[in-house]
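Asks: When you get a sec, could you build the whole thing from the sequences and use the hints?
Number of protein chains: 4
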Amino acid sequence: MTDYILSLQCPDQPGIVRSLAQGLVLADANILESAQFSDPITGLFCMRVRFESPQASVEALLGQLMTQLAAFDPVLNLRPARQLRRALVMVSKHNHCLVDLLYRREISELAIEMPLIVSNHPDLGPLAKHHGVPYYYIPVTPDSKADAEAQLRSLIAEYEIDVVVLARYMQVLSESFAEDYYGRIINIHHSFLPGFKGANPYLRAYERGVKMIGATAHFVTQALDEGPIIEQDVIRVSHNKTPEELVALGRDVERLVLARAVMLYAADRLQISGARTVIFD
Amino acid sequence: MTDYILSLQCPDQPGIVRSLAQGLVLADANILESAQFSDPITGLFCMRVRFESPQASVEALLGQLMTQLAAFDPVLNLRPARQLRRALVMVSKHNHCLVDLLYRREISELAIEMPLIVSNHPDLGPLAKHHGVPYYYIPVTPDSKADAEAQLRSLIAEYEIDVVVLARYMQVLSESFAEDYYGRIINIHHSFLPGFKGANPYLRAYERGVKMIGATAHFVTQALDEGPIIEQDVIRVSHNKTPEELVALGRDVERLVLARAVMLYAADRLQISGARTVIFD
Amino acid sequence: MTDYILSLQCPDQPGIVRSLAQGLVLADANILESAQFSDPITGLFCMRVRFESPQASVEALLGQLMTQLAAFDPVLNLRPARQLRRALVMVSKHNHCLVDLLYRREISELAIEMPLIVSNHPDLGPLAKHHGVPYYYIPVTPDSKADAEAQLRSLIAEYEIDVVVLARYMQVLSESFAEDYYGRIINIHHSFLPGFKGANPYLRAYERGVKMIGATAHFVTQALDEGPIIEQDVIRVSHNKTPEELVALGRDVERLVLARAVMLYAADRLQISGARTVIFD
Amino acid sequence: MTDYILSLQCPDQPGIVRSLAQGLVLADANILESAQFSDPITGLFCMRVRFESPQASVEALLGQLMTQLAAFDPVLNLRPARQLRRALVMVSKHNHCLVDLLYRREISELAIEMPLIVSNHPDLGPLAKHHGVPYYYIPVTPDSKADAEAQLRSLIAEYEIDVVVLARYMQVLSESFAEDYYGRIINIHHSFLPGFKGANPYLRAYERGVKMIGATAHFVTQALDEGPIIEQDVIRVSHNKTPEELVALGRDVERLVLARAVMLYAADRLQISGARTVIFD
Chain A
3 MTDYILSLQC PDQPGIVRSL AQGLVLADAN ILESAQFSDP ITGLFCMRVR FESPQASVEA
63 LLGQLMTQLA AFDPVLNLRP ARQLRRALVM VSKHNHCLVD LLYRREISEL AIEMPLIVSN
123 HPDLGPLAKH HGVPYYYIPV TPDSKADAEA QLRSLIAEYE IDVVVLARYM QVLSESFAED
183 YYGRIINIHH SFLPGFKGAN PYLRAYERGV KMIGATAHFV TQALDEGPII EQDVIRVSHN
243 KTPEELVALG RDVERLVLAR AVMLYAADRL QISGARTVIF D
Chain B
3 MTDYILSLQC PDQPGIVRSL AQGLVLADAN ILESAQFSDP ITGLFCMRVR FESPQASVEA
63 LLGQLMTQLA AFDPVLNLRP ARQLRRALVM VSKHNHCLVD LLYRREISEL AIEMPLIVSN
123 HPDLGPLAKH HGVPYYYIPV TPDSKADAEA QLRSLIAEYE IDVVVLARYM QVLSESFAED
183 YYGRIINIHH SFLPGFKGAN PYLRAYERGV KMIGATAHFV TQALDEGPII EQDVIRVSHN
243 KTPEELVALG RDVERLVLAR AVMLYAADRL QISGARTVIF D
Chain C
3 MTDYILSLQC PDQPGIVRSL AQGLVLADAN ILESAQFSDP ITGLFCMRVR FESPQASVEA
63 LLGQLMTQLA AFDPVLNLRP ARQLRRALVM VSKHNHCLVD LLYRREISEL AIEMPLIVSN
123 HPDLGPLAKH HGVPYYYIPV TPDSKADAEA QLRSLIAEYE IDVVVLARYM QVLSESFAED
183 YYGRIINIHH SFLPGFKGAN PYLRAYERGV KMIGATAHFV TQALDEGPII EQDVIRVSHN
243 KTPEELVALG RDVERLVLAR AVMLYAADRL QISGARTVIF D
Chain D
3 MTDYILSLQC PDQPGIVRSL AQGLVLADAN ILESAQFSDP ITGLFCMRVR FESPQASVEA
63 LLGQLMTQLA AFDPVLNLRP ARQLRRALVM VSKHNHCLVD LLYRREISEL AIEMPLIVSN
123 HPDLGPLAKH HGVPYYYIPV TPDSKADAEA QLRSLIAEYE IDVVVLARYM QVLSESFAED
183 YYGRIINIHH SFLPGFKGAN PYLRAYERGV KMIGATAHFV TQALDEGPII EQDVIRVSHN
243 KTPEELVALG RDVERLVLAR AVMLYAADRL QISGARTVIF D
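If you read the sequences in order, they're chains A, B, C and D.
Numbering-wise (our numbering), the first sequence opens with residue 3 and increments by one.
Numbering-wise (our numbering), the second sequence opens with residue 3 and increments by one.
Numbering-wise (our numbering), the third sequence opens with residue 3 and increments by one.
Numbering-wise (our numbering), the fourth sequence opens with residue 3 and increments by one.
Note that these hints are calculated values from the structure, not bench results.
Errors might be hidden in some of the hints.
In this list, chains with the same sequence are indistinguishable; a pair is considered to hold if it fits within one copy or across any two.
[Said to hold, decoys possible] Dumping the calculated EDC-like pairs for lysine to aspartate or glutamate here, alpha-carbon to alpha-carbon at most 20 Å:
1) K243 to E61
2) K243 to D270
3) K131 to E108
4) K147 to E181
Replies: Structure, rendered in structure tokens:
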């Protein structure tokens, strides 16, 4: 028996579940988990099913399911659970999110392939090396930005990357890049969005005197810090914390929130529906 | 079209979802929400479906679904969403949970019928009266306890009560009562179970120096404070709070936790599977 | 012995604590609680001391302390703990915050006088009446706004009001009113500021797809939703909640956050230092 | 100017603050932070003051302060802030807490010396070596336990250790060891105490069906998992998490809670008063 994860999206209408259930029965499938959501804003029906089946061929199985579901014109994604998603992680100089992701991967808490790390600084190369992950140093200046993104596109293709994870990567990607890889770039922003978009959120949080600081993992879109939110969390702070202490407290929230987002992605528990995400946790 | 809520439990096995989906299609049903869970401990398959159907007869619809599902020997519960659950609320002298439930019902946040309130003290009678809910004062002494429970059983039958809500009712119900109404009595305990079972949890929390206090809503079983947990929450406290301040802070957690539990029950989002609850939120 | 609460603010410099301690010893005072903060942004030293003293005259005691502290040119506020702060509560049509404040006052959890309630709608009059609090219905139209605020000023003076609590009052006060009563008006905003300032925060939170919604209690200043923040809290939400459900979940956060802010004020645990608040909890 | 941290405990009585303030003025000290607490259970007055003074000799300064405070018979602890506390960290096979502490120390978030790591297993030796910390492998069997603790006592003396941090060390220390190092051993327990004391808390939490799991950092005493609690936190879980997933979620809480406890200790923000801790955060 092979363990599969199926993701489905199509316009909401009666009969989808029956047709899918019919297809799964024909594939001798045993449903292990199933979750669904009808989005009233977009009119999309979103579903995630984990099942086991004696059918070993993904293509054959996908064909069978598509046949049953053809009337609904669905977007289907099917993969054996053991075939991991592949992530390219981008960093600048802060290492806390990368250290955390590497650790979770090492103890098999985060089931993802991480074939390479890309950075606009050389600083975190030794860390990558220590964990046996190739490190590409691609500096970015206003002049070299287009070249840098071209290199990035090549690497994404070469390494068959599913998702780009911006683990405190301090460069803004171009609009065309964001557009071309829509739904495939996850960023961690160090504030509770939509508050404190843009630069220096902790300093601004300090000056504003908020009583909680937070972090937000979101998909990257052309508009800065405006993409669909995947996960958020906050931590209580008080007036006696300095900006530096907020940064330190924030690190804990950032790495937790980013890790949760990447783990949701790694398990296909994450779908985009319009401007929002649907989380099947 | 009538809006229905269906709850289903049966031993987990392949084909349940297909058969149910088939039954729903035959009933011209349109699924609005669906959630399911296969419990590895009990081997139970648990499911909740909200759907709309032109079929106006609950009995006929239930018959149709049962026909499709007969092979699985399921426990089915079907009701029109507009037909509210009926709660009997029991209190002693503390009024914060009752005040909260009455308020939520009044602003239609809590969709439940509350045909009567029962108490072992007369104190909260005026509050009940102000909200137009009949109040039964049934004193309980060691000698009168059996009689009191007999009265309670009569009231439950007479008022066609679905659920008994112990909103800080300070008497322990008998084992036979707990057994006969298994799965139909919700209690709020003023600690984060399994810590501080039994009496005076706040004082014991104070003396133990915990850094968070909590509350737990659970189903009542024969063993005190051991029934399936429905909802829990906590609040941070510090060393400078007195026992009285813990009680005050705890009130907020208690009423929130109990309200959430009753709202889950009112929407049939709550199932028992062995010693645990399954929450379809 | 009389129980006193002293609040002090002055430019930070060495010797303040010694001089105050000296003054307290001269007053035969016994310190029960003491907390202090040196604000690096404003350069202010902020302090709160609760103590008991045989000195029954506030004026005499204040004079003694001022003599000791004269060199520091402090702003001192001294009151017997039993002499409660006086709050004027303003509402529109939503009653959840008012219901909550009235309840906490009734069970003596909130130690504050509430001599009157003011509203721009007549709707909540019966609620006020039921709790024995005079209710002033002062309608506000663009034309009558100046008159309405003049009436409000009269009532504040007449009832010797310390603090105005905007418990979901849906009118914006004028800049001159905000300026004249700086530090004396507490508002509850139904979002986690600085996110979703202004109108309809829940709908915007829904459309933005945030994973937590929140509420913020803050002092009112001339700039809308920009005053010093007193307290904030959040609650986790998921993609399957409707805007109406966000509003319902938000009510719980709003009333808790506002209640905590008013309780901090009632106990003089709240000071303003520049754009931020200092909380001595 | 030298930056100092002073901790003080003595029976509560009037005049302590004045005498201390007097002593600080004589030392030309400038108070940077000050916090205090009168414990109604133990009758102890607890205080922490951070100040700067031109006096460079700790002994001289301590003498001056003791002279002023002699009448109160206080326990005083004074150290220059730059002279870090020294921690011996003990582990078994789980590395998540150790990895976290090492990381925080490396980025200077955790201001503590860590001159050695001790383990009853050799497994984490390479990790220690990578971070340049000597690793002592001291196996523990029922027969060798006394010898192992004797070795531990030698190491504590030799390395002038202030605090022993049990970062998921899976052996129970002897009662005499716990007694001799009272207030100097911090343990992380992987449950929200007092719930699930002892072994296998996650499995028991799973079987009990709790809706939140937690972790507790506490001082070790002779009674297992009964010592004064330093810090606790929880995370929400649902019925669909397996015991292994609870363990994974719990790791995040454990490492955060232990890190916070050690950071409180490292900054002398932590005092014991009877069965509880006082946190000056």
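Asks: Now look at each hint and say whether the structure bears it out.
Replies: Going through the hints against the structure:
In this assembly of identical chains, the alpha carbons of K243 and E61 never lie at most 20 Å apart, being 56 Å within a copy and 31 Å across copies at closest. Proximity of K243 and D270 under a CA criterion of 20 Å is satisfied inter-copy only: 16 Å between copies versus 38 Å inside one chain copy. In this homomeric assembly, K131 and E108 come within 20 Å of each other (Cα to Cα) both inside a single copy, at 14 Å, and across copies, at 18 Å. Taking the shortest Cα distances, K147 and E181 sit within 20 Å of each other inside one copy (16 Å), while across copies they are farther apart (49 Å).
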